[in-house]
Amino acid sequence: MDIQEYFSLLFTDYTLRTITLGTALLGAVCGMLGSFAVLRKQSLLGDAISHAALPGIALAFIIMQTKNTSAFLLGALISGLAGTFWIRSIVKNTHLKSDTALGLILSLFFGFGMLLMTYIQKMPNANQAGLEKYLFGQAATLVESDIWLMFWVTLGALIILLLFWKEFKILLFDPEYTLTLGFNTRFIDVLMTSFMVLAIVLGLQTVGVVLMSAMLLAPAAAARQWTDKLWVMIVLAALFGAMSGIGGTAVSASYNNLSTGPVIVLVAAGFVGISFIFAPNRGLIAQRIRYVKNRNDLKLHKTLAFMYEIAKTHEDFQHPHAIKLFNNFQGYSRKSMKKLAEKNLITFDQKMWSLTKEGFEQAANLYNQNPQKP
Amino acid sequence: MSQPQIEIQLIAMLVAVACAIPGTFLVLRKMAMISDAISHSILPGIVIGFFITQDLSSPLLIVLAAATGVLTVVMVEFIQKTGLVKEDTAIGLVFPALFSIGVIMIARHANDVHLDVDAVLLGELAFAPFDRFMVGGTDLGPKALWVIGSILLITLILLFSFFKELKVSTFDSQLAATLGFSPALMHYGLMTTASVTTVGAFDAVGAILVVALMIAPAATAYLLTEDLKKMLGIAVGVGLLSAIGGYWLANYLDASIAGAITSVLGLFFFAAFLFAPHRGWISVWRKRRRQRIEVSMLTFLLHLHNHKEESERHIDHLQDHINWQRVRAKSVLRLARNNNMIVIENKIISLTGKGEQFTDEAIQHITSDKTTALESMKDEFFLFRG
Numbered sequence: 001m002d003i004q005e006y007f008s009l010l011f012t013d014y015t016l017r018t019i020t021l022g023t024a025l026l027g028a029v030c031g032m033l034g035s036f037a038v039l040r041k042q043s044l045l046g047d048a049i050s051h052a053a054l055p056g057i058a059l060a061f062i063i064m065q066t067k068n069t070s071a072f073l074l075g076a077l078i079s080g081l082a083g084t085f086w087i088r089s090i091v092k093n094t095h096l097k098s099d100t101a102l103g104l105i106l107s108l109f110f111g112f113g114m115l116l117m118t119y120i121q122k123m124p125n126a127n128q129a130g131l132e133k134y135l136f137g138q139a140a141t142l143v144e145s146d147i148w149l150m151f152w153v154t155l156g157a158l159i160i161l162l163l164f165w166k167e168f169k170i171l172l173f174d175p176e177y178t179l180t181l182g183f184n185t186r187f188i189d190v191l192m193t194s195f196m197v198l199a200i201v202l203g204l205q206t207v208g209v210v211l212m213s214a215m216l217l218a219p220a221a222a223a224r225q226w227t228d229k230l231w232v233m234i235v236l237a238a239l240f241g242a243m244s245g246i247g248g249t250a251v252s253a254s255y256n257n258l259s260t261g262p263v264i265v266l267v268a269a270g271f272v273g274i275s276f277i278f279a280p281n282r283g284l285i286a287q288r289i290r291y292v293k294n295r296n297d298l299k300l301h302k303t304l305a306f307m308y309e310i311a312k313t314h315e316d317f318q319h320p321h322a323i324k325l326f327n328n329f330q331g332y333s334r335k336s337m338k339k340l341a342e343k344n345l346i347t348f349d350q351k352m353w354s355l356t357k358e359g360f361e362q363a364a365n366l367y368n369q370n371p372q373k374p
Numbered sequence: 001m002s003q004p005q006i007e008i009q010l011i012a013m014l015v016a017v018a019c020a021i022p023g024t025f026l027v028l029r030k031m032a033m034i035s036d037a038i039s040h041s042i043l044p045g046i047v048i049g050f051f052i053t054q055d056l057s058s059p060l061l062i063v064l065a066a067a068t069g070v071l072t073v074v075m076v077e078f079i080q081k082t083g084l085v086k087e088d089t090a091i092g093l094v095f096p097a098l099f100s101i102g103v104i105m106i107a108r109h110a111n112d113v114h115l116d117v118d119a120v121l122l123g124e125l126a127f128a129p130f131d132r133f134m135v136g137g138t139d140l141g142p143k144a145l146w147v148i149g150s151i152l153l154i155t156l157i158l159l160f161s162f163f164k165e166l167k168v169s170t171f172d173s174q175l176a177a178t179l180g181f182s183p184a185l186m187h188y189g190l191m192t193t194a195s196v197t198t199v200g201a202f203d204a205v206g207a208i209l210v211v212a213l214m215i216a217p218a219a220t221a222y223l224l225t226e227d228l229k230k231m232l233g234i235a236v237g238v239g240l241l242s243a244i245g246g247y248w249l250a251n252y253l254d255a256s257i258a259g260a261i262t263s264v265l266g267l268f269f270f271a272a273f274l275f276a277p278h279r280g281w282i283s284v285w286r287k288r289r290r291q292r293i294e295v296s297m298l299t300f301l302l303h304l305h306n307h308k309e310e311s312e313r314h315i316d317h318l319q320d321h322i323n324w325q326r327v328r329a330k331s332v333l334r335l336a337r338n339n340n341m342i343v344i345e346n347k348i349i350s351l352t353g354k355g356e357q358f359t360d361e362a363i364q365h366i367t368s369d370k371t372t373a374l375e376s377m378k379d380e381f382f383l384f385r386g
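Chains as they are written, first to last, in the working numbering: chain A, 1 to 374; chain B, 1 to 386.
These are computed hints drawn from the structure, not numbers from a lab. Do not rely on the hints blindly, as some may be mistaken.
Straight-line alpha carbon distances no greater than 27 Å define the calculated BS3-like cross-link-like pairs of lysine-lysine that follow [said to hold, decoys possible]:
1. B/Lys230 / A/Lys92
2. A/Lys41 / B/Lys229
3. B/Lys287 / B/Lys330
4. A/Lys338 / A/Lys299
5. B/Lys287 / A/Lys229
6. A/Lys41 / A/Lys92
So that you can see chain A by itself, here it is in the shape it has in the complex (with noise of 0.2 Å):
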């Protein structure tokens, strides 16, 4: 199957339509939430949770003793939840930073959780409880049901996000602020977290553990390059996430052997390195540009206040002075003399240079921070 057959089968098939469907508001999802992680310096936070999850959902098939997805997901919320606590706490009564925290909770969850797993595997009615399948994520189990409930969380998320809005926004921006309004930061706080905690839950099952962290990650990350206003950055990272999703599930199904989570990564990574590049204002294109151009008005700037500094000694400041002056002067070039002439500010031929009015004028006020208008 090649992609142009896959785009023809995607509004046939039911399961193509499935996945593409389930991947694509998983994306739009963990985008949206994901601005306010990478806004608020909490990227990790989903790394984090992701393997935080682990052991919730050992502990849902103990207690409950069969496959249950909507158990698993209780499960993985409630110990996701777990950790993104047990993370603060440390950070906010120890002396440990977040980076510790985190690692620890990551790695400590984990590692439970695989104790769990495998312990598992060893009763006598667990046949693989399906630890791989949460590590990597498989989007070809999706069914209708789980997009559905895909479908509700995005709903509420975004409902919460509109009532929410004013909140959400200045908690962003300036917390000792938002507190000293009277808002409660602590039940913003915790409603961003869950949301956050939920929409990486439900990721598990298709992109993956360790996946799961670009997914919140790179839309967000994207996004930030082309804006600085926080609904636009939110409504394109859903977008990124969106096509991250169709594009990461149409590339895997188009070739054998590939697994949708890291194709979906990849694609958002894509994203990621076009927006770092081209991204008007903070791309790395646009930033080079800046660069040079700002090095060349300086470079202009200089050798017109040389300039200045030789006309002033004579009394008639459009006297014709030697080109030969410059050959100890750094930065001087023959182009940098074209531009200055074709900007009226100097006259030259061969030999000889001179300053105009007017590049008399601008030399005088060159350092000048309010030059004063004729």
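Fit chain B to the known structure of chain A by using the hints.
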């Protein structure tokens, strides 16, 4: 104990020590998450190495994988330097991308590669004794033992020869630079050591457990001490104890050894988190409570100092006017009375001579903005602390 059992415990202990040493410095340098990133992003290096050598413990594979680890650090730093995203975002972007490439490489060549991603991530210590190191027909023990043993040896040599440099560059990189040893060299040296250790350990204990073995002992030790040498010692000790405890726990439950070691590590950390003297949750909580009650008492004493009228000094006043709850009001009064600061007659509270002296001095310190001096005042005046 049978021979494989001893060998497994030996490997686990060596891995624990080899991880705890670079881990201590990672935690101190606030780079703990880098170890998580490295442990995942070495996958493509391992896969390429495996394509070439077909042997998970060959030196070439270790070099290639360690190079990918260092590459991760370089990429993270490059992205960070562009200023487009924060450091933690850079980490979160780089390692999943590299890991994905590794997973896809394995998937595309599933037929010619006998390598499982979950084997890399989770490892299986129980199988380690079966892969023997044979030289000319003589059995020299498990390969993993040799690999991790040599890595540990190199780490120890590096630690002892560069201890001073590491210490200075960890705590004061500017001082290190002015003294003439390059912080960058130390940084990349440490990163390389961490990468090599991760690679050497993954096939025994799995990449994620490596992270636990690096961070958890160091974090536990950091809660208990602030002396670098002691911290290294405690970290190594915690690592060793968890390795042995974890093995027997796994033996008892018949479950994953790596998972059991991590769980024991988790218990150690949890215990330190709760009970560590000075730094633990309980002692921090008690300190905060004490501080709160002592500040309340000081406020109340100052209030008494300012008011001569009886209505302001009535015992119910605390509840009615200052709005303190019963329990709090009681404990404040008890503390003040135990310290001989106040006397209560007919439900009217008045300051004693000592109380007057204490409040006078306190006011002096507060108005001259020397509030830190209050702590030494407390030592001087208080018979009982809050």
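Please list, smallest to largest, the hint numbers that this structure does not respect. Numbers 2 and 5, in rising order.
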